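Hey, can you work out the whole structure from these sequences and the hints?
2 protein chains.
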Amino acid sequence: MTFEEFQEYIKNETPAENCPVSKTLELFAGKWTSRVIYELEKADRLRFGQLKKKLDGITNTMLSGTLKVLEERGIVQRKQYNEVPLRVEYSLTEAGKAMLHIYYEIAKWGDAYL
Amino acid sequence: MTFEEFQEYIKNETPAENCPVSKTLELFAGKWTSRVIYELEKADRLRFGQLKKKLDGITNTMLSGTLKVLEERGIVQRKQYNEVPLRVEYSLTEAGKAMLHIYYEIAKWGDAYL
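Here the protein sequences line up with chains S and G, keeping their order. Taking the UniProt record's numbering, the leading residue of the first sequence gets 1, the next gets one more, and so forth. Taking the UniProt record's numbering, the leading residue of the second sequence gets 1, the next gets one more, and so forth.
Simulated from the structure, these hints should not be mistaken for laboratory data. From a predicted model like this one, the values you see are computed outputs, not experimental measurements. Treat the hints with care, as some may be off.
When chains are identical, the list treats them as one kind, so a pair holds in a single copy or across two.
Taking lysine-lysine and the PhoX-like style, the derived pairs with C-alpha atoms no more than 20 Å apart in a straight line are [said to hold, decoys possible]:
hint, residue 1, residue 2
1, K53, K108
2, K108, K97
3, K23, K54
4, K23, K79
5, K68, K11
6, K97, K68
7, K108, K54
8, K108, K11
Below, the structure written as structure tokens:
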């Protein structure tokens, strides 16, 4: 779908429930969601404690909840290494990494208009 | 800024407070914000009542609050025609229309991964 086709597409009476934009924006819902994705994009992979340190003000409960939801949505993957002590790392899936294109458009807009 | 430059940019330790992505995502905060922008993009310009009809479940207070915030942020413009009865129309500013590029990336992502 080109940008022009997209413009045409939204002019038609697309019901909001079927709209790919609404559905995707729902994935960003949650105070910390976009920040977690952003930090994982920057760092490639992070342990829980490392991620927490980067997110000023987040609690353990909020971070584990956000990670759980992102895992269920297929955006974040959790990898457990059977070492002692147990090592768990979080990283973006292919879908999560592809979100960088959305962030790029958002950044360009912010640069131009904020 | 190209996409490659953007990738480089975020790898550096950009503090989240100065990040154009965070700042722009804040503009989308609010349950109805993105839906209002989307409906105004589709219809070009709408009166309060027309807009309300398109947003199932929104109250007058929520809609006028959302419009007020979007006006303050320079995304929506309110035009008053001095007719009897008074006619007021809402439309997107240039900055608001440029948000369609963000929606386009969001839609492409949704098509690919949802």
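Cross-check of the supplied hints:
1. K53 <-> K108: neither (28 Å within a copy, 32 Å between copies)
2. K108 <-> K97: both (18 Å within a copy, 14 Å between copies)
3. K23 <-> K54: Between copies only: 17 Å across, 28 Å inside.
4. K23 <-> K79: Result: close neither inside a copy nor across copies, 27 Å intra and 31 Å inter.
5. K68 <-> K11: neither (36 Å within a copy, 24 Å between copies)
6. K97 <-> K68: within (17 Å within a copy, 35 Å between copies)
7. K108 <-> K54: Neither. Shortest intra-copy (24 Å) and inter-copy (29 Å) distances fail the 20 Å Cα cut-off.
8. K108 <-> K11: between (24 Å within a copy, 16 Å between copies)
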